[in-house]
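Engineer: This is what each chain is made of:
Number of protein chains: 2
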Amino acid sequence: MTALPVPLADVRGLVDGALRAAVGRLDPHTYRVAAYHLGWTDGEGRPCPGPAGKALRPALALLSARAAGAPPESALPGAVAVELTHAFSLLHDDIMDGDRTRRHRPAAWTVFGESGAILAGDALMTLAVEVLLEAPGQGSARAARAMAAATRRLIAGQSLDLDFETRDHITLEECQEMVAGKTAALLACSCSIGAVLDAAPEPLTAALEEFGADLGMAFQLVDDLLGIWGDPAVTGKPALSDLRSRKMSLPVVAALNSGTPASARLAGLYTRPEPLEEDELAEAARLIDMAGGKAWTEAEAARRIGRARDRLARAALPDPVRAEFLHVADFVTRRDH
Amino acid sequence: MTALPVPLADVRGLVDGALRAAVGRLDPHTYRVAAYHLGWTDGEGRPCPGPAGKALRPALALLSARAAGAPPESALPGAVAVELTHAFSLLHDDIMDGDRTRRHRPAAWTVFGESGAILAGDALMTLAVEVLLEAPGQGSARAARAMAAATRRLIAGQSLDLDFETRDHITLEECQEMVAGKTAALLACSCSIGAVLDAAPEPLTAALEEFGADLGMAFQLVDDLLGIWGDPAVTGKPALSDLRSRKMSLPVVAALNSGTPASARLAGLYTRPEPLEEDELAEAARLIDMAGGKAWTEAEAARRIGRARDRLARAALPDPVRAEFLHVADFVTRRDH
Chain B
1 MTALPVPLAD
11 VRGLVDGALR
21 AAVGRLDPHT
31 YRVAAYHLGW
41 TDGEGRPCPG
51 PAGKALRPAL
61 ALLSARAAGA
71 PPESALPGAV
81 AVELTHAFSL
91 LHDDIMDGDR
101 TRRHRPAAWT
111 VFGESGAILA
121 GDALMTLAVE
131 VLLEAPGQGS
141 ARAARAMAAA
151 TRRLIAGQSL
161 DLDFETRDHI
171 TLEECQEMVA
181 GKTAALLACS
191 CSIGAVLDAA
201 PEPLTAALEE
211 FGADLGMAFQ
221 LVDDLLGIWG
231 DPAVTGKPAL
241 SDLRSRKMSL
251 PVVAALNSGT
261 PASARLAGLY
271 TRPEPLEEDE
281 LAEAARLIDM
291 AGGKAWTEAE
301 AARRIGRARD
311 RLARAALPDP
321 VRAEFLHVAD
331 FVTRRDH
Chain Z
338 MTALPVPLAD
348 VRGLVDGALR
358 AAVGRLDPHT
368 YRVAAYHLGW
378 TDGEGRPCPG
388 PAGKALRPAL
398 ALLSARAAGA
408 PPESALPGAV
418 AVELTHAFSL
428 LHDDIMDGDR
438 TRRHRPAAWT
448 VFGESGAILA
458 GDALMTLAVE
468 VLLEAPGQGS
478 ARAARAMAAA
488 TRRLIAGQSL
498 DLDFETRDHI
508 TLEECQEMVA
518 GKTAALLACS
528 CSIGAVLDAA
538 PEPLTAALEE
548 FGADLGMAFQ
558 LVDDLLGIWG
568 DPAVTGKPAL
578 SDLRSRKMSL
588 PVVAALNSGT
598 PASARLAGLY
608 TRPEPLEEDE
618 LAEAARLIDM
628 AGGKAWTEAE
638 AARRIGRARD
648 RLARAALPDP
658 VRAEFLHVAD
668 FVTRRDH
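So the protein lines, in turn, are chains B and Z.
Start counting the first sequence at 1; every next residue gets the next number (the working numbering).
Start counting the second sequence at 338; every next residue gets the next number (the working numbering).
So here's chain B without its partners, still in its complex pose:
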């Protein structure tokens, strides 16, 4: 299993207390849903061992403070805010997408009902803004504004994704635009928010944000590869899981738009109303590969990571911080889960 870089593994210790303090301000009913969703408690409110999730976004937020020469602790409000916003978006997305499972547990809406999950999502989104606006220092309002703008892009991405469900044809550009909102916007914000909180100069925060946008695209490209060709024993998801749900992921959309004979056969399989059998799932994966969807996705992930590295190389960063950002970029591209 590809290991998280060391700074990522240590992040929980720094962020968890601040995150728990923020969420602890919610009313008791909303708290219960949020605590379950964050992996702190079970459906009965009993404490759970170990937190869920990779803590990738908070780790990047802490790193982005160091990019501006500030101590990582100064970005704690930013780390908490990006984690809260991520949690909000997953809570609402699971309802909208009808996903019943999240991180190997029943999704919050299946446990507490849709109303409880809608409300908890609303509360976490508001809390993210409050936490940023309460941060000491000059960059607090600018950080809250960056967070709100990222949230608007995230919502636009999810909106496009919902629209795809009603469409016969999706272009690769539209699919990339969807991912730029749904995944990359919040990662771009995570990579810059610590520097923004520290009132760092605009060229630095812009470079970090652009690095994060490319990192975010690469993250999703790799995620989409794992969703088809990932090892179930490592990803924790069933084999070919994205194909089972007929997800319009980037490799699929690239394949469907390739104009090859394989893409026509794939379209026939993918638009069928009936569930796909095991052999048909394997066939769909082969067709995506034959139509060039896998190769395009791998190449695009490599191109995005290359561009992310270039942006970082041109930014005025302390060397150890640059090295850690590159470490995270490596993790994102080489990870197997």
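It cannot be assumed that every hint is accurate.
What the hints assert, rightly or not - So the derived label-pair ranges between C-beta atoms look like this:
no., chain 1, residue 1, chain 2, residue 2, range
1, Z, Asp616, B, Gly98, 40 to 46 Å
2, Z, Asp647, B, Gly24, 33 to 39 Å
3, B, Gln138, Z, Glu451, 39 to 45 Å
4, Z, Glu510, B, Ala21, 23 to 29 Å
5, B, Arg244, Z, Arg437, 30 to 36 Å
6, Z, Glu511, B, Thr101, 33 to 39 Å
7, B, Ala21, Z, Pro610, 40 to 46 Å
8, Z, Arg442, B, Gly98, 25 to 31 Å
9, Z, Asp656, B, Pro318, 58 to 64 Å
10, Z, Asp616, B, Arg244, 35 to 41 Å
11, Z, Glu381, B, Asp97, 53 to 59 Å
To be verified - One side only, chain B facing chain Z, incomplete, derived with CB under 8 Å:
no., residue
12, His29
13, Thr126
14, Val129
15, Arg145
16, Ala148
17, Thr151
18, Leu226
It is worth saying that the hints were derived from the structure and are not from the lab.
Predicted model, so just to flag it, every value in this text is computed and none were measured.
Note that CB positions come from ideal geometry on N, CA and C, so glycine has one too.
Chain B is already provided as a structure; the job is to place chain Z on it using the hints.
Structural biologist: For chain Z alone, kept in the frame of chain B given last:
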């Protein structure tokens, strides 16, 4: 019909352009849901005549700028933000409460689906924060923080209201706490946000907020009276509508907690699983009255308005502004719709 005070009627002209500009930033799918919900377009996206709603909150926001000696235009971002937040909460509440009608039209979620309405609500909430943080002037971040805190209280109120649905007994204190969140928090914010944006001194903004909190409680108390004893021809709702839906409104909860023989009979009627017949609805209204629920609500509304007036009297306000706030308070208590 009790008329709106003049300043209220003129508000739409000032606020509408700014509101439309803000909502116009949303992605096209989310925009469509929001524009329908705000009464600008029909379900097909065609423009509708005349905007919906009383514009009470934006009117108070503009007035609160004048309270601090600033021109009403300076509070436009505040007026837009409170209207956006109100719109967000109605969008999500209608889904959670299963309400299929809003302002004499099908609720947005029945037209665009739950997912579209969840997402549009999320977008409007984020937009409220963005609009405030983009406002020029020193008070912008403080205003966004006040708005986020009010939104958190609003969510806590809705959370308590959802909890009531699963409960056998609700105290009058709990019901008032619910209303303090669900209705009064945003009105309190509306009454002060213009002054906050103008970076007015804390004693003034606190007095305006307290005025608004009492005004908001009175508003809901009157609303609850109209929901039972209002004239359907004027309110636009069916007679006894709150009793049909077995709403745990303040007069009902006051009556149920009165310890009178009438309250016991009311409890018997109200907890029955079957829908109530017309004669039973009339009987329930009579029992609420006999149990003192109507008298308590009227007295509490008067007490709250009296307290609101006292708070205003002690605040350092220009006389014409105080007069207009009192005008709004009169409208809130004397209105018949």
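Engineer: So, for every hint listed, does it hold in this structure?
Structural biologist: Do the hints match the structure? See the list:
For Z/Asp616 and B/Gly98, the hinted distance range of 40 to 46 Å is satisfied, since their beta carbons lie about 43 Å from each other. Against the hinted window of 33 to 39 Å, the Cβ-Cβ separation of Z/Asp647 and B/Gly24 comes to about 35 Å, which satisfies the hint. Between B/Gln138 and Z/Glu451 the beta carbons are some 41 Å apart, a value that agrees with the proposed interval 39 to 45 Å. The beta-carbon spacing between Z/Glu510 and B/Ala21, approximately 28 Å, falls within the hinted interval of 23 to 29 Å.
As the Cβ distance of B/Arg244 to Z/Arg437 is approximately 34 Å, the hint placing it in 30 to 36 Å holds. Between Z/Glu511 and B/Thr101 the C-beta distance comes to about 35 Å, which sits within the given range of 33 to 39 Å. Checking the proposed 40 to 46 Å range against B/Ala21 and Z/Pro610 shows it holds: the Cβ atoms sit about 43 Å from each other. Distance hint check: the CB atoms of Z/Arg442 and B/Gly98 are about 27 Å apart, consistent with the given range 25 to 31 Å.
With their beta carbons about 60 Å apart, Z/Asp656 and B/Pro318 fall inside the hinted range of 58 to 64 Å. A hinted range of 35 to 41 Å is violated for the C-beta pair Z/Asp616 and B/Arg244, which are about 56 Å apart. Checked against the given bound of 53 to 59 Å, the beta carbons of Z/Glu381 and B/Asp97, roughly 26 Å apart, lie outside it. Look at B/His29: its Cβ gets to within about 4 Å of chain Z, closer than 8 Å, so that hint holds up.
Taken as an interface hint, B/Thr126 checks out: its beta carbon lies about 5 Å from the nearest beta carbon of chain Z, inside 8 Å. Interface hint status for B/Val129: upheld, as the beta-carbon distance to the closest one in chain Z is roughly 5 Å, under 8 Å. At its closest, the beta carbon of B/Arg145 sits 4 Å from a beta carbon of chain Z; the interface hint therefore holds under the 8 Å criterion. Proximity of B/Ala148 to chain Z holds as hinted, the smallest CB-CB distance being about 5 Å (cut-off 8 Å).
For B/Thr151, the interface hint holds, since its Cβ comes within 8 Å of a Cβ in chain Z; the closest pair sits about 5 Å apart. This hint is violated: B/Leu226 has a C-beta 26 Å from the nearest C-beta of chain Z, more than the 8 Å allowed.
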